[in-house]
Amino acid sequence: MKKRLPSFLAVLLCSVSIYTQEYFPQNGGVKTTDNNYKAFTNATIYVTPDKVIEGGTLVIQRGKVVAVGKNVSIPDNSIITDLNGKYIYPSFIDIYSDFGAQKPKRRSSLGRKPQYEASRKGYYWNDHIMPEKETGNHFEFDNSDARELIKYGFGVVNTHIPDGIVRGTGMLVALDIANNYDNRILQQKSTQHLSFAKSIASIQRYPSSLMGAMALIRQLYRDAEWYAGGHSDYKDLSIEALLRNKTLPQIFETGGYQNDLRAAKIAKEFGLNYIFKGGIDEYQRIDKIKATGASFILPLNFPDAYDVSDPMLAQQIALSDMRLWNQAPGNPAAFAAQNIPFAFTLNGLKKHSEFKSKLKRAIDYGLDKTTALKALTTVPAQLLRQEELIGQLNKGSYANFLIASGDIFEPSTTLFENWVLGQRNVVNDMNIKDIRGEYTLSVAGKEYQLTIEGSIAKPTAKLQSGSTKLKTKISYDNGWAHLFFAPKESEGFTRLTTKVQNTDKLEGKAVTDGGAESRWTAVKQNPYANGKKKKSPSIPQQLPITYPNKAYGFAKLPEAKSVLFKNATVWTSEDAGVLENTDVLIKDGKIARIGKDLSASGAEVIDATGKHLTAGIIDEHSHIGTASVNESGHNSSAEVSIEDVVDADQINIFRDLTGGVTTLQILHGSANPIGGKSAIVKLKWGHTADELIYDNSPKFIKFALGENVKQSNWSTRPTVRFPQSRMGVEQVFIDYFQRAKEYAEVKKSGKPYRYDYEMETLVEILEGKRFISCHSYVQSEINMLMKVADKFGFTVNTFTHILEGYKVADKMKAHGVLGASTFSDWWGYKFEVNDAIPYNAAIMESQGLNVAINSDNSEMSRRLNQEAAKAVKYGGVSEEEAWKMVTINPAKMLHIDNRTGSIKEGKDADLVLWNDHPLSVYAVAEKTFIEGALYYDYEQVQKARQDIIREKNILIDQMLAAKNKGMQTQAPKRKVEQDLHCDTEFYGL
Amino acid sequence: MKTINILLFVLCSISLLHAQQTPAPKQQQSILITGATAHIGNGTIIENSAIGFREGKITYAGALSGVSAGDYDRVIDASGKHVYPGFIAVNSTLGLVEIDAVRASDDEGDIGDFLPHVRSIIAHNAESKVIETTRPNGILMAQITPRDGVISGTSSVVQLDAWNWEDAAIKTDDGIHLHWPKAFRLLRRRLTRLASYNPNKNYDKDIQEITDFFAGTKSYLNGNRKPKNLPFEAMEGLFDGSKKLYITANGEREITDAVNFAVDQGVKNIVIIGGNDAWKVADLLKKHQISVAITRSHRQPVSEDSDVKQPFKLARLLDEKGILTGLEMSGSQDRTSTRNLPFYAGTFVGYGLDREKAVQMITLNNAKILGIDHIAGSLETGKDATLFISEGDALDMRTNILSHAFIQGREISLETHQTKLWKRYMGKYEAQK
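Chains as they are written, first to last, in this note's numbering: chain A, 1 to 989; chain B, 1 to 433.
There may be inaccurate statements among the hints.
Unchecked claim - Here are the simulated lysine to any residue pairs, SDA-like style, with alpha carbons at most 20 Å apart:
1. B:K201 / A:M312
2. A:K265 / A:A224
3. A:K943 / B:A169
Worth flagging that the hints you see were computed from the coordinates, not collected in a lab.
Here chain B stands alone, though its shape is the one from the complex (with noise of 0.2 Å):
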C-alpha cells in the first residue's frame, strides 16, 4: 500500500506539471541528470554518469566526473537509477487502428496488392489513446507502418508526443513494405482445429508478379514518366537509397529468396522483418550487409517440432552471426502490446542474449534499421535527446517504472488515461474508508 500511495503522489505531481496528453514545450532549461546507470544503446554502460542536453540535443553523454553541473540550468540525480536511450517501435501501427474490433477505427491498410504511393503518416493518429500508454514504459519513437497487400505502402518515423502527424513524423516517408510471399499456405479443414501448411503452389508466380511489378517500375522511372504513374513514382527512392526496403520473410527459402530478388533488383536497403528462420541464412544476409528485425519474441514456435524456445533463442542466434538484429512490433494487439516491448528484448537476455545488447536491439539498432541512427538510437553528443530515466532495469517489469521521459528534450507527461483511472478509484476506494 505504501508503495502505492508513493507511486500516487509522483504521478500526482508529474500531472500538475503537465496536463495529460498535452504535448510539452521545447525545452528551455537545460538539463543534466547526475548519478544514473547510463545505458548508452551501443552495447556499452557508464555507471555514475551524466548526460545533459539543451535545445533538444544531447550535449554531454560520459563520466559524471566530465561535466560540471553548473553549466547547466536543471540537475536531475538519477543515483540509483538507469538512463536509457527511448526505446523505438519498429513495423508498428500505433495511431492507426484505436479499437481492434471497431472497424471505423482500423486505417492500417487499403484495398490493392501493389500499394508503395500509400502513405501510413498522414493517418497516424498523434492523439491515440494506444499512444501514451507506450511511453510509461520507454517507448518514444516508432516506425508506422500500413500492414495489406503485397506492398503495404511507405512508412514513416514518429515521436510519440505530437499534436499531430506532422509535428510527429522525425522521417517521412522512410522506407516502402513488401509482404514476401509465403512457401507455406496455411489450409484450414472443416470441423477440425488440426491446420496444415501445405506448399503455395502460387509461389513461383507470386513473385513473377513482384519482378513485373518492379520491372514495370524500372522502365517507367527511366522513361518520360508521363502521364505520371503514382504507384512507380513512390518507388524511385528504393533505387537512390533514400527509402529502405523492408521485406517480411520468415522462412529460409522466403528470406533467401527475397534477399536474392532485392539485391538483383538494385535495391540499395533492404531490411528483413519477421526473419524467423534468419539465422540459418546468416552468410547471405552478411554478404549484402542485411540487417533483420525480429518479430516479438512473445509468440509461439512455428511448428510442433520447433525448440519450443525458439522465438526466445533468435536474438541471440543472429547476435552470434553477427547480424544487426533489431525487434519489430506486429503481431496480436499489435498495437496495444507496443508497451512491452522492452519485455520482449529482456526475454531474450534469459537464453543468452548479452544484457545491453538486448537494449541494443531496441535503440540503436532500431535506429540504425530506420536510418535515424544520426539523430537517435543512442545516449551520444549530438543525437535528439529523447531518453528516459527508470528506476530500475527497464527490460524488467518489475523495474521499468519511469521517472521522466523525454523527447527532443522536451518533458513529457507519462500520465495516460489509464493512471487517471487508477487514481480516481482508488481515491473513491480511499474515501469510502
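Just chain A, same shape as in the assembly (with noise of 0.2 Å):
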C-alpha cells in the first residue's frame, strides 16, 4: 500500500491537468488543454470484430477515436507508439454489473410478525417494485475493482442493483480510474432491471412465490396502463418511474431456461422485448429458446467437476449435475449455433478472475472467437443502444480498446494495456523483453540446461542440470528476472538475478549456499518456439442430451404409434364394464376401434394375453411438476396461475407413468381461502411445460377451506392475516365475490375500469367459466361454502379431500357438486381430519355423488390404483366402480372426460397395460401411452438403468481426469426435488 499511494497519486493530479472542465475554477496551477493526438502504428486492429486492419493505424484524442485504418494521416500533435505488430481490440462491455453499487441490507423477517402490506408510502403497493429505484443514487465508483476489471480487459461496464422485482434503472460507467468527474459516466439511466426474485430489504409477503411474481408484474403493468390513462386519483411514484423507463432496454434476469420461457412469456402478452440474463442450461431446449426472439446474457459460471475419488460419495451426484458439468460449457455455443445474439457477463463467477478460463472453455467447446468477441464488445453496446460509441473503434466512439500481444483469446496472449476514454492503463508493461527461450545457464563453474517459457508477462522455468531435473522458479518484473533452485538437494538455494538487456546472453549476479556472490550467464541456444506445442484443446468427450436432461430422460421424443393389444382384459371405466379377451387398436394418438379379433395391417401388436389395459390414472389432485404450489401473501390469489410455473422436467413426473397416470391437475396449496388457477396437464415426460399443459384446457381455480387457510399449524406467530377462524374464511368469500360482481358491472357498463386479475378470475367463477376444486374437511365449512355458491349463483364444481363429506353427501348432491375427491384412507395428521374415516368414498358413492380418489402426494400418486382399491376393502364398492374413481371419474370432474379416462372409440389413447388385475396389490404397470405414444415401458427402463450406471461411470472418469489435471473441483452432493404438499412454501426460483 505504501509503495502504491505515491503512483496513485500522481496519476490523480496527472488527470486532474487533462481533464478540468471548462468551466471549473482552477487552483492547482496554470489552466491547461491537451488537444494532442496519440497515434498507434502498426498494430492489427479489431476495428468491430468482423472488421479487423493488419498494419493499422489508430489515432485518439481527447478521449475519443479519430482515425482508424491501413492509411491515416497522423497529426504533426501526436505521440505516436509503434506497436510492432500487437493487436488492438476494443475494450469488453459488461452489460449485467453490479460494479460500486450499494447492495441493499437483508431484512430478516425472524422474529418479526409477518408483513401484508407495504412499508412505503406513495410508491406501489408493493415493496418489491421498485422503477423509481436510480443506481446512480447507491453509487460509489469502486477503484480495486474497476482495476481488476481493467486487468480482464473490461472498460465500460452498465451496472445496477440486482435486487427486487423491479430493481429500477442501471446505469453505463467507463471504469475511467484516472478521472474523478462524471464524465465516466456514460448514461446516468441505461436499462431498467426486473427478476423474478423478491427484495431481501423488504419482508413484505406477496409475492411469496414464482407464481405470484408473474401475476404482480402482470399487475402492475395493467396498473401503469390505467395511470397512464390519468385514471387514478392517487400519485404513484413507482408507477410514474416505470412509464419512464419505458423507453429504456429491459433487462430481466432469468437465470435458466425455464424462467427464460416464463419471462418470455409475460413479454409476449405485454408486447415487450424483454434482454434475458439467461443461465448455463439453455442449451438443453435452445429450439425453444431461440422461439422467444429474445436477445441473452450469458454467465460464464460452468461448475467446477464434482470430486468424484470417493466412489460412495460420487454415486450420490445427480447423473443431471454430472452432465451439467460435462455440456454446459457448450451452452454459449449453442447459442451461436442458432444465431441467436447474446452477450457475456462476468455475473455469477466466484471471481474475475475465472474469466478468462471459463471463456476459454466456452471456446474449447466451439464457440466461435468472432462471436466470442462480440458477446464482449458489439452486442452489449447493440443490446444498450450505445453501438455508435462503445463496443467498436471506428471514429467517433470513445476511445476504449486493448493493447495486447496477439489473440485475445489466448492463454499465451498478453494483454498491455487498456486504455479507458483515452487514459492510459498498464496492466503488463508492453517494452518488456521476452525472455523465452532455450538457454545454457553457466555458475558457480556449473553448467546447466534452462528452459523459459509460458507467457512473456509471467514465464515460467524449467532447470536441468544433465538429465537431472532441478526444481526452480523464475519471477520478472519491471525488467528484472529473479531465478533459484538448489543445485543438489543438501545444499541450499542458488539465487540468480539480472536487469534484462540482451535477451541472447543474460548476465548477472549469482549468490551460492553460504552467501557466496558471482557472476552466472546464460546464453540462448534456440529462441522460444510459439505455439510448438498447440494442443488441441482438451474437453471431455460431450454426452448427448437428453429430454428432459437428466436420468429416465428421452434421446428421442416417443411418437404416436398404431397398437393392437390382443386379447386383453379391457377395464373401460364406460358402461361396457370389463371386457375379457378384447382387441384394442389404437391409431393417430386415439382409441380407433374395440373388439373381438381385431386386425391392422401395419399397427404393432402387443399380445396382452393374461394383462389388463386400462385407461390412464388421473389424479384429480397433485402438487408435483410445478416451481411452486402457494402464494399465500394474500388471503386470496386468484391472479396467480400454476400453469406459469409448471416444471415439466421433474422427476415425479416419470415416477407417476411408471405407476400408469396420464393426467394430473396440479393445483395450488391450501395456504389461503382463495388459492390460485389450476394446471391440468398431461404426463408427457420430454415435453416442456406449456405441451404439457391441455389444449383449451377446462380452467380451474383452488379453494381451501379449515385449519390450512386460518394458518392453524403454522407455529403461534402468524396471527395478523385475516382469516384466523372458519367464521372469518366465509367472509373473505362474501368480500371478494361481492367486489367481483361490482368489478363486472363496472366492466359491462363501458365505463373505465381497472383491470384487475384477480377480479378477472373471480368473474370466470361467477360466470360459470372456471371451476372449483376446494380443500375441504369438516361438514360446516363444506355447506357453508355451497350456502356463499348459492348466494352468488354459482356451483362448486369439486370438493377435494371432502374428508366428511360422508356427513353432508346428501346437501352436496343437492347442491349440484360434480366431485368429490377424496384420499381413500388418510385421517389423524390434523385436528379437523379426527373424524375422517376410510369409508367416505363408498358413502359418497352411494348417495350418487361421483367420487374420485387423489393422492396430493407424489408418492401415492404413482399407486393410485392400490387406492382405489381401498374403495373396495372399505365399503364394499365394486371393483368396477372403485377403478372409475382414478380414471373416468376425475376426467368428469375435471371436464375432460370428452378426452381421456375411459375405453372408448374416440378417446385419447391415454392407455396403461397391467401385468395383473389393476387393483391388485401385485399388480405392475408395463406400459403407459399418453395420446398413443409410449412413454413408459418397464422393460426398456430397466435397461436405461444400466445406461445411467454406464453414463455416470464415464462422467466420473472424466471428473476424475479433470481432478488429475489440478482443476478445481467441488464436494459431492445428492440432488433432491423437495416435495410439495397443499401447505408447502416454497417460492420457486
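The task is to assemble the complex, starting from two chains supplied on their own in separate frames and drawing on the hints.
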C-alpha cells in the first residue's frame, strides 16, 4: 500500500491537468488543455469483430477515436507508439454488472410478525416493485474493482442493483480510474431491470412464490396503463418511474431456460422485448429459446467438476448435475449455432479471475472467437443502444481499447494496456523483453540447461543438470528477472538475478549456498518456439442431451404409433364394463377400435393375453411438476396460476408414469381461502411445460377451508392475516365475490375500469366459466361454501379431500357438486381430520356423488390403483366402480371426460397395460401410453438403468481426469426435489 | 350396496358381542378354526387347515384331518378363508402421539442426545383411537419406539388390545434405538425447492460422540457404579444380550460403519432399521448375522437417478442375499399408516418377492427381530394364539377383510370409531329414503 500511494496520486494529479472541465475554477496551477493526438501504428486492429485491419493505425484525441485505418495521416502533434505487430481490440463491456452499486441490507423476517402491507407510502403497493430506484443514487466508484476489471480487459460496465422484482434503472459507467469527474458516467439511466426474485430489503410477504411474482408484474403493467390514462386519484411514484423507463432496454434476470420461457410469456402478452440474463442450461432447449426471439446475456459460471475420488460419495451425484458439468460450457456455442444474439457477463463467477479460463472453455466447446468477441463488445453495445460509442473503434467512438501481444483469446497472449476514455492503464509492461527460450546457464563453475517458457510477462522456468531435473522458480518484474534453485538436495539455494538487457545472453549476479556472490551467464541456444506444442483443446467427450436432460430422459421424444392390443382384459370405465379377451386398436393418438379378433395392417401388435388394459389414471389433486405451490402472501391469490410455473422436468412426472398416471390436475396449495388457478396436464415426459398443459384446458381454481387457511398449524406467530377462524373464511369469500360482482358491473357498463387479474378470475367463477376445486375437511365449512355459492349463483364443482363429505353427501348432491375427490384412508394428521374415515368414498358413492380418489402426494400418486382398491375394502364398492374413481370419475369432474378417462372409441389413447388385475396390490404397470405414444415401458426402463450407470461411470472418469489435471473441484452432493404438499411454502426459483 | 349391507350386518353383530375398544376377556372356550388356508408365517401354507387354541396358546396347527373338532368348545368354519398370525409393526409409535399436528398429544421423543433410559412403554396410550384402526387390518402387535435424539430410548413390544400399557406389554424394554449419523446432510436453499444432500462434515465427530458414550458406559459398568448413572445403567442389556440394539442406518457407508461399530463394541444383538442400501453390504450383514427391518415400501426412491422401483424391490434383493428381513413402520403419517402394513408387504410381491415370504416379513421375521418369536410370529403349537381370519388374501387391499381376530386367544373387537361413524351416517341416509 505504501508503495502504491505515490503513483496513484501521480495519476490523479496528471488527470486533473487533462480533464478539468472548462467552467471549473483551477487553483492547482495554470489552466491547460491537452489537444495532442496519440497514434498507435503497425497494429492488427479489430475495429469491430468483423472488421480487422492488419498493419493499421489508430489515432485518438480527447478520449475518442479520431481515425482508424491502414493509411491514416497522423497529425503533427501526435505521440506515436509503434505497436510492432501487436493487436488492438475494443475493450470489453459487461452489460450485467453490479460494479460500485451498494448492496441493500437484508431484512430478516425472523422473530417478526409477517408483513402483508407495503412499508412505503406514495409508491406502488408492493415493496418489491422499485422502478424508481436509480443506481446512481446508490453508487460509489470502486477503484480496486475497476482495476481488477481493467486487468481482464473491461472498459465499460452497465451496473445496477440486483435486488427486487422491478429493480429500477442501471447506469453505464466507463472504468476510468484516472478521471474523478462525471464524464465516466456514460449514461445515468441506461437500462431497466427486472427479475422474479423479491427484494431482500423488504419482508412484505407478497409475492411468496414465483407465480405470484409473475402475476404481480402483469398487474403492475396493467396498473401502469390505467395510471397513464389519468384514471388514478393518487400519485404513485413507482408507476410514474415505470412509465418513464419504458423506453429503456429492459433486462430481465431469469437464470435458466425455464424462467427464460416464463418471462418470455409475459413479454409476449405485453408486446415487450426483454433482454434475458439467462443461465447455463439453455442449450437443453435451445429451439424454444430461439423461438422467444429475445437477446441474451450469458454468464460463464460453468460448474466445477465434482470430486469423485470417494466412490460412495460419487454415486450420490445426480446424472443431471454431472451432465451439466460436462455440457454447460457448450451453452454459448449452442446460442451461436442458432444465431441467437448474446452478450457475456462476469456476473455469476466466483471471482473475476475465472473469466479468462471459463471463456476459454466456452471457446474450446466450439464457440467461435468472432462471436465471443462480439459477445464482449458489439452485442452489449447494441443491446445498450450505444453501438456508436462503445464496443468498436470506428471514428467517433470512445477510445476504449486493448493492446495485446496477440489473439486476445489465446492463453499465451499478454494483455499490455487497457485504454479507457483515452487514458492508459498498464496491465503488463508493453516494452517488456521476451526472455523465453532455451539457454545454457553457467554459474559457480557448473552448467545447466535452462528453458524459459509460458507467457512473456509471467514466464516459467525449467532447469536441468545433465539428465537431472531441478526444481526452480523464476519471477520477472520491471525488467528484472530472478531465479532460484538448489543444485543438490543437501545444498541451499542458488539465487540468480539480472536486469534484462540482451535476451541472447542473460547475465547477472549469483548468490550461492553460504552467501558467496559471483556472476552468472545464460546463453541462448534456441529461441522460444511459440505454439510449438499447440495442443488441441482438452475438453471431455460431450455427452448427448436427453429430454429432459436427466436420468430417464428420452434421446428422442416418443411419437404416436398404431398399436393393436390383442386379447386383453379391458377395463373400459364405461357402461361396457370389463371386457374379457378383447382387442383394442390405437391409431393417430386415438382409440380407434375396440372389439374381438381385430386386425390392422401396419400396427404394432402387443399380445396382452393375461394382461389388463385400462385408461390412464387421472389424479385430481397433485402438486408435482410445479416450481411453487402456494401464493400465501394474500388471503386471495386468484390472480396466480400454476400454469405459469409448471416444471415439466421433475422426476416425479416420470415416476407417476411408471404408476400408470397420465393426467394430473396440478393444484395451488391451501394456504389461503382463495388460492390460484390450476394446471391440468398430461404427463408427456420430455416435453416442455406448455406442451404438457391441455389445449383449451378447462379452467380451474383452488379454494381452501379450515386449518390451513386460518394458519392453525403455522406456529403461533402468523396471527395478523385475516381470517384466523372459520367464521372469517366465509367473510373472505363473500367479500371477494361481492367485489367481483361489482367489478363485472363496472366492466359491463363500458366505463373505464382498472383491469384486475384477481377480479377477472373471480368473475369467471361467477359466470360459470371457471370451476372450483375446494380443499375441505369438516362438514360445517363444506356446507358454508355451498351456501356462499348459492348466494352468488354458482356451483362448487369439486370438493377435494372432502374428508367429512360422508356427513353432508346429501347436501352436496342437492347443491349439484360434480366431484368429490378424496383420500382413500388418510386421517389423524391434524385436528380437523379426526373424523375422517376410509369409508368416505363408499358412502359418498352410495349417495350418488361422483367420487374420485386423489393423492396430494408424489409417492401415493404413482400407485393410485392401490388406493382405489381400498374403496373395495372399506365400504364394499364394486371393483368396477372403484376403478372409475381413478379414471373416468376424475375426468368428469375435470371436464375432460370427452377426451380421456375411459376406453372408448374416439378418445385419446391414454392407456396403461398392467400385468395383473389393476386393483391388485401385486399389479405392475408395464406400459403407459399418452395419445398413442409410449411414454413408459417397464422393460425398457430396466435397460435404461444400466445406461445411467454406464454414463455416470464415463462422467466419473472424466471428472477424475479433470482433478488429476489440477482443475478445481467441488464436493459431491445429492440433489433432491423437495416434495410439495398443500401446505408447503416454496418460492420456486 | 348389497355388499355394504352384508358387511354392516357382520360388523353390527360383532359389535353386539363386544363394546367398541373394550379389551376382550381371557379366552374361556377353546377354539378350532377349520378349513382355512393357513399362512403359517414361516413361508409355508397349509390348505384346508385346522388351527386350535385354548387358554391363549396354540394347541394345534396342521391339516384339518389331523385334529378332532370335538376336542374344542367352539369351531369356526373358515372354509375358503385365510388364517394368519397377527401382523407385527416394528419401530412404531402407536399410542405415543394421537394427532400429528396437535403438539399436546405428542409424546414420541424427549430432549437430549443420549436417552437410553427413556422408556416408551409408560407413555403408550393403549386406548389410542389410532390403535383400534390397525386391528381390523390384522396388525395385532407392535414395538413402541421413542423417536428423537441419537439414542432415542428404550422400546417395548405390546399387543394391541389392552386396558393399559402394563396389560399391553408382551416384552418390556426389548431394545435400545440408535440413530446412526448421516454421511450426508440435507441443505435447503432459500427460494428454491431444490435442495441437496452434502457430505456431513461432522460425520466422524458424530460417530466419536457415540463411541465416547459407549466407552463411558463400559467403564461405568465395570466400576462400582456409584453414583448411579441412569443412561449408562440402561445400556447394560446390550452387552449381555438381554437387549437388542436397533440402529437406524440407510446408506452403504452408514450401515457399514454402524455394523462395524456395534460389533467392535461387543453388542450381542444388532438390528438395522431402514436399510435402504443394505443389499449392497449383504456380506457384512450375513457375516455378523444381522437382520434388517426395512422401511415401508410406499416411499420415494432416494434420488433422481435411483431405480424408480427400488423401494419396491428392496425386500427381494435382501431375501436373495439370505438376510433375515422384516418391515418397520417409521415414515410419514407414522401411526395412522400402520394399518397399511400388509399392503407395504404386498407391494414387494409385485416386484419379485415370494408371496409367503412377504407374509413372513411382517410375522415371523418381525417377531425374530423383536425377539418374541418364541411366543409370536407364526401359527405353531405353543405360541400365543394371536391370529386372525381374513376373507381373502390379507396382503391385498381388496381382500383384507377380517371376520375374526384373536390376541392371546381373546377374541377382540374389530369395531372402531370409524366403523361407527360409517354406520351412523349410512343409517342417516337409509332413514332419509
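Against the structure, the hints come out as follows:
1. Restraint check: the Cα-Cα separation between K201 of chain B and M312 of chain A comes to about 15 Å, which is no more than 20 Å; the hinted pair holds.
2. With a C-alpha separation of about 19 Å, the suggested pair K265 of chain A and A224 of chain A falls inside the 20 Å cut-off, and the hint holds.
3. A C-alpha spacing of about 49 Å is found between K943 of chain A and A169 of chain B, which places the hinted pair above 20 Å, so the restraint is violated.
Hint check: a violation occurs at hint 3 only; the rest are consistent with the structure.
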